[in-house]
Amino acid sequence: MTHDKNRLTHGAALGSTLAAIGCSVLQGLPNQAMAGELEKWDADAAVLQYAESDNRVQATEAVVGLTRNVDSETQLNLKLTVDTLSGASPNGAMPDDQPQTFTRPSGNGRYTVDANALPLDDTFRDTRTTGAVQWSAPLGRDWTYSGGISYSSEHDYESRGVNASLSRFFNQKNTTLTLASSLSTDTVSPEGGLPVGLSAAPEWNSGSFEADFDASRNGSEADKQVIDVVLGLTQIIDRRTLMQFNYSLSLSDGYMNDPYKLISVYDEPGGTVQEYRYEARPDTRQKHALFWQTKHQFESSNIIDGSYRFLFDDWGMTSHTLDLKYRWGFGNQYLEPQVRWYRQSAIDAYQPYMTSAQLAENPDALTADYRLGDFDAWTLGMRYGYRFNADTEVYTRFAAYQQNPRDFESASTPANSGDLPGMTAYMLTLGVKF
Amino acid sequence: MKMWISLMLLAVLTGCSSLGVKPWERDLLAQPDMQLISDPIEASLDDHVYFSKEGSSGGRGFGGGGCGCN
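Going down the list, the sequences are from chains A and B. Under my numbering, the final residue of the first sequence carries the number 454; numbering is consecutive throughout. Under my numbering, the final residue of the second sequence carries the number 77; numbering is consecutive throughout.
For the record, the hints were derived by calculation from the structure and aren't laboratory data. Cβ atoms here follow ideal geometry from the backbone N, Cα and C, with glycine treated the same way. Do not take every clue at face value.
[Stated by the list, open to error] Short derived list, chain A residues pointing at chain B, Cβ under 7 Å:
1. Trp61
2. Asp64
3. Leu68
4. Gly85
5. Asn191
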């Protein structure tokens, strides 16, 4: 993500291309035919306002989805997402009893953080545009397939993706087996160049700043590939209940560091900060996830939707996610309370800080990014929807998301959860379907 | 390995064959609210938030990349 400039060119070009695809379908049709054509399209649009406490990240995300129904099972879906971000993000360093000064990632400036305050980099600003096209259709009586492409661009990150899936129905279409795969190739080009993992962050007031800054960089961009494979089983249990089980494997290879994150180096736990280093993560990651979801409609027509995900990876992380939604309908309106609980354990390379002694041992990978540490998270939300008819709906949703770090228990680098970055975020969504 | 996977699939499919509904009993399951992902836009907004703030992603669908997401 990023700092300072927004480069919208790719995104804008993509937006116009998608709009052009939509328009070219409609252009040249006589009025009556156009009305008929419009009836075959469904639109789904929403805006999310996201705000973190303490003036941290603020974001606005707008999504427009258009679906052309060729027949009841064949669809073309176009989706465009634009989001803008600003605010401050933890830079990875620990709070200290002295004020701390950091060089901005671009190397053009510095920022100072008060004593005992969580170090936040406040130069955070970006606009991201994503476009996706997906086609799905039956293949004979017992099969369906789907294929899609996606592209996303932001100031310092670009991603291109393709995906395909194949499903087979069994038992009078009560059982569906799906094999799906996606490939994404991403390029990261950080503000100020690519930091060398675990190199010293240059000190702003140092006489050798220019030389130190250059020594901490290695080129301007790097790549990452991600391959996902999902094997899914969907089963209809009875007239009111269905269930899904997924196993997914995700393989990432390439530059996985967060180029803007640092790690504090102390002489000893609770001692004096010596310097800051850029973080380094392993350059491959293999994640496995098991996912179960079930949905049931009661006699009252209310619907309960529950899911659980267990995830583990070769970085040493395990996580549990429980998600529960209950849709309570009354007339042409509904209310849907939502609750989500998430717990993750830290990856092996996570430490809230490091010691000079550890640094002397030349570790391969170390990160203080709180998102890879031990924490629990809760989301509480409420969605309200109003339906004008079967196809037209307006809805709003408000949710609060709270992350609570856990103590980092370690003989060499212990930390109290109070010194680690917790976070509260509020999300408000407004949407319309027609 | 191949044989085990085939046997497991067979067991699952045979086990599942006693579950399910007749084609004329699909009225409720055909409702948009009864789809596994009833609101793909809400799901994609959530995925983006959690992908950016947590160490896990995917499971329901693909967990790939697509953003720098600090």
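So, going through the hints one by one against the coordinates:
| no. | hint | verdict |
| --- | --- | --- |
| 1 | Trp61 | 16 Å, violated |
| 2 | Asp64 | 5 Å, holds |
| 3 | Leu68 | 5 Å, holds |
| 4 | Gly85 | 6 Å, holds |
| 5 | Asn191 | 5 Å, holds |
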